[in-house]
Amino acid sequence: MTGRRVVWAVVVLVAALLLYAWIDGGEEPIRPIAEPIDLPETAE
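Take the sequence shown: its position 1, counting from 1, is numbered 1 in our numbering, and each next residue is one higher.
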């Protein structure tokens, strides 16, 4: 009986973790990285 309880506890824990990840969204919004850079002068 205790083996089944452990299996059910693991199943419930994994389901709770997946539910939390789904609600949380799993990703942060993408923010643009904008920095001024020094461009070398073009040689002619």
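A hint or two may mislead.
[Claimed, not checked] Label pairs and their in silico Cβ distance ranges: (1) Ile37 / Arg5: 56 to 62 angstroms; (2) Tyr20 / Pro40: 39 to 45 angstroms; (3) Gly3 / Glu27: 34 to 40 angstroms; (4) Glu27 / Val6: 49 to 55 angstroms; (5) Ala34 / Val11: 42 to 48 angstroms; (6) Pro36 / Val6: 54 to 60 angstroms; (7) Ile37 / Ala15: 36 to 42 angstroms; (8) Trp8 / Glu35: 50 to 56 angstroms; (9) Ile33 / Leu13: 55 to 61 angstroms.
Bear in mind the hints are in silico, worked out from the structure with no lab data behind them.
Even glycine gets a Cβ: it sits at the ideal position worked out from N, Cα and C.
Going down the list of hints, with the structure as the test:
Taking 56 to 62 angstroms as the suggested C-beta distance range, the pair Ile37 and Arg5 conforms, at roughly 60 angstroms. As the Cβ distance of Tyr20 to Pro40 is approximately 49 angstroms, the hint placing it in 39 to 45 angstroms is violated. Checked against the hint of 34 to 40 angstroms, the pair Gly3 and Glu27 passes, with Cβ atoms roughly 37 angstroms apart. Checking the proposed 49 to 55 angstroms range against Glu27 and Val6 shows it is violated: the Cβ atoms sit about 32 angstroms from each other.
With their beta carbons about 46 angstroms apart, Ala34 and Val11 fall inside the hinted range of 42 to 48 angstroms. The hint said 54 to 60 angstroms for the Cβ distance between Pro36 and Val6, and at roughly 58 angstroms that hint holds. A C-beta distance of roughly 48 angstroms is found between Ile37 and Ala15, which places it outside the suggested range of 36 to 42 angstroms. Roughly 52 angstroms separates the CB atoms of Trp8 and Glu35, a value that falls within the hinted 50 to 56 angstroms.
Take Ile33 and Leu13: their Cβ atoms lie about 37 angstroms apart, and the range 55 to 61 angstroms is violated.
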